[in-house]
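Peer 1: Place chain B on chain A using the hints.
2 protein chains.
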Amino acid sequence: MIDFQTDPGRYRHWRLRFDGPVAFLDMDVDPAGGLHAGYEMKLNSYDLGVDIELADAVQRLRFEHPEVGAVVIGSLNDRVFCAGANIGMLSVAPHPLKVNFCKFTNETRHAIEDATANSGQRYLTALKGNAAGGGYELALATDHIMLIDDGSSSVALPEVPLLGVLPGTGGLTRLIDKRHVRRDRADVFCTVEEGIKGKRALEWRLVDELVASSAFDETVRSRALEMATATDRPTTADGVELAPLQRELGEDRVAYSSLEVDIDRARRTATLTILGPEDDARNPGPAFWPLRLARELDDAILHLRVNELEIGTLIVRSAGDPVLVEGFDGLLGEHQGDWFLEEVVLYWKRLLKRVDATARTIICLVEPGSCFVGFLAELVLAADRSYMLDGTWPGENVEAGMMLTSSSTGLLPMANGLTRLETRFWGDDVGLNTAMNAFGHSIGATEAYEAGLVTDVMDDIDWEDELRVMLEERAGFSPDSLTGMEANLRFPGPETMETKIFGRLTAWQNWVFSRPNASGETGALRRYGTGLRPDYDQRRV
Amino acid sequence: MIDFQTDPGRYRHWRLRFDGPVAFLDMDVDPAGGLHAGYEMKLNSYDLGVDIELADAVQRLRFEHPEVGAVVIGSLNDRVFCAGANIGMLSVAPHPLKVNFCKFTNETRHAIEDATANSGQRYLTALKGNAAGGGYELALATDHIMLIDDGSSSVALPEVPLLGVLPGTGGLTRLIDKRHVRRDRADVFCTVEEGIKGKRALEWRLVDELVASSAFDETVRSRALEMATATDRPTTADGVELAPLQRELGEDRVAYSSLEVDIDRARRTATLTILGPEDDARNPGPAFWPLRLARELDDAILHLRVNELEIGTLIVRSAGDPVLVEGFDGLLGEHQGDWFLEEVVLYWKRLLKRVDATARTIICLVEPGSCFVGFLAELVLAADRSYMLDGTWPGENVEAGMMLTSSSTGLLPMANGLTRLETRFWGDDVGLNTAMNAFGHSIGATEAYEAGLVTDVMDDIDWEDELRVMLEERAGFSPDSLTGMEANLRFPGPETMETKIFGRLTAWQNWVFSRPNASGETGALRRYGTGLRPDYDQRRV
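Chains as they are written, first to last, in the numbering used here: chain A, 1 to 541; chain B, 1 to 541.
Only chain A is shown next, with the shape it has when bound in the complex:
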């Protein structure tokens, strides 16, 4: 099992140290620390395990270190900053794991960009040695790239000449959309195996600053200090430690403190039941219910993505007191000026984006006793389909309700920059207005259906049978066609750099990776390092 939980005490590939308001995050990959057998991680190359530690560090810096205003990403290997994704891993890993690796890597890079943009924690790259492929992409995720001018250090995206796959795992989009590298120069850059160094790298916008060797460390330090002092991070606040998750892993079940995951292998479903808060305890800390739930749901989704590949449908339910949820939701809505609440909101934003980008069918069930209120109601909107019970369960008298609040009007935007409601009613202003009228009060099945918030409503007589038939039908469809269909339907309307990376580049990469020219016996990934040239099917597609 691939575990996404770690902490700095267990890092094998990164060193984290602090110098006042500046954190230094140095890559130092353990060649023997690969996640799978069969490859060595030389030259600071990486696999998913390295990225799990990076994601953990980025997350902890936000919650545990409010005093940090700038983070310097560097390397403890002077000759190689980072050689990119490990080619042995790409060659042996099964296709679904490769794709999930790329997705998680990009989510982590977005987390870096989100920290810079929204948490006053700016990232810069201190680039000594060569940064190739995913290594340069890591630099692209930071706000400021400083390259040592030593006559040899360079940046490169050598995938096309060396590996026959797409450059980076999103790097192409960042190159032209974020750094505004001219497209024909980007074309040249992506075909130059040895990369580009010095003045030309600066002139072509591949780096932001070129620094003489003798002054490099000092200049990096002072640049980071400048950045750190310019941010609005609270300098005197106490951090909130991200204590180990409470988690029990069983064969077909994972139980957290506020979330239960039940796997039905025959139906290929996982039911995620969110447990509402036990009380209204609002003190900042790892036990704060919205933070605890976010961490647990995040862990569960990542776990299902990479460890339960054949579980094609996620059923999202909730059980709890809507009034308590409403209380927490109101607190998050008033996050302004409170760095901790702000971080919790930003975490929910990233988590919901992770849900949107998860290649599984997501079905949300709104039943009596559920608590889809405020930020939790976003899960109803994030689902591919949502169903609500019309009426009560036999012999009971509670009806299902849900409630939209200001959390759905801009607090938690999707990667396309819109709210989930705006996305849902893209091009349908009448529909959007109708939905907006359903805000601020608990609504039942009829109102939710008429407001277009749920796909369908069913009474207790139909509920079980109809859901069973629908889930069986879904399980019979081609997993690939579902992945493609859902990825497209979830993002109507405008695109952003972020959606382009996940929706466009990732799709191309998914294709290129699966082609014999890359992954076949005589393809470039298998032949790399053997001395044999790859044997390509030359037909252009």
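Just so you know, these hints were derived from the structure itself, not from any lab. Errors might be hidden in some of the hints.
No distinction is drawn between identical chains; accordingly, a pair holds when it is met within one copy or between any pair of copies.
[Stated by the list, open to error] Under the rule of at most 20 Å between Cα atoms (straight-line distance), these lysine to aspartate or glutamate pairs were calculated in the DMTMM-like manner:
| # | residue 1 | residue 2 |
| --- | --- | --- |
| 1 | K178 | D428 |
| 2 | K178 | E422 |
| 3 | K349 | D299 |
| 4 | K178 | D429 |
| 5 | K199 | D428 |
| 6 | K199 | D456 |
| 7 | K42 | D26 |
| 8 | K199 | E450 |
Peer 2: Below, chain B alone, put in the same frame as chain A:
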């Protein structure tokens, strides 16, 4: 060889008839008229050959029939409007042809949308019987979908349940971005094999109008007449016949009247040499040089796409009198109020978009004697790389020049809605301003390079060797990685429905088509119609 040239007298699959300002384009697919052996095109299903005729009809309606203001797309089969792409064809066609088929199909549907938006020729669909998959997509490309309310006629995207591939070949994007179908309803729609009919189809925005059987034909006719009378098409102008192209096809060469294509199989390149105008003859007609060149270049690119799959690099050159080109360019720039010039401009816009979407490396060479002026200079900007000779050829005294005109400032936008210059300098206003200063006069190599219009300049000593090395290197790269890289680098910045269809959906489809779950021995495409269920690898990617 697949030939993209046809005319109504040779159509096997469509009937075109006229009723004043309304044209009726009826599908009537010849089951025995498939482009490849091994499948029968039952139930108005289609292959590339059917689409080639459709594209021809759409094109001829614009040029040959200025009096037509509305086009009704219908079917001569009362039970089936169109069953979509032929599954036998999808099952036997090689992957590159499948992908090119989908691309051309979408380009033709964009041509329909472009005629509606920009030529005053509105398209509507008269939908009797079932419209499934690509058949419904054809309807999606039109402006107004009228569905007969006969209790059985329906619209459907049944690819996920039946075929294990993505619905439509762009239909998903049109469904949510053009017709604004709510994403969860779109999800339901795409999983219902039998489709959706009647009131529900209307309520879900899948069609625009529901018409009783008894009144159907008459209502369609009057709706088309209303549309036709509301347009600004000239009612008294004479059409310009698209006479057969002058074309000589050789083994490694295609010679047209204003274009020569020379194939070098060893280097896997095709050199396209544009021949400038012989004179300044400006009368409207098929001999009008900008129209003739557009038709020839369009044919050459389509020919190379599907008949020369291993020719990975297109080298674009030109030879002619820049002053004559400037004259024609000026004429096109003053097209307002002249329907014929307007159509020629719109054709160049579509043609250049076709170049942008062509999965081959495009290298443009600006040499002494070339004539990249105005609209032809867009080819320099459309190329992945452009090179300009610095100085003269040995013993000669002419230098290379090029010239930007108002043709580059909005006349010929890319699919992303930007000019090629805006795309080139996306996020770099200083660069864009520098380039704008190079407008309106012939510029040499130094100025072109400094203005960022060409990738590099070389003198005559380096020219041949450097290009040879670059072309050899390019030919050694994985064709797949080049396709993915170029498709990404050509479109920095914003996205539109059109770029989403080509860049995002097509990429996903490319992937899904190539996966064993669709195309393998036990995949859905091979098993369709055999009575056996497909055998899926259930891992989600």
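Peer 1: For this structure, which hints from the list above don't hold up?
Peer 2: none
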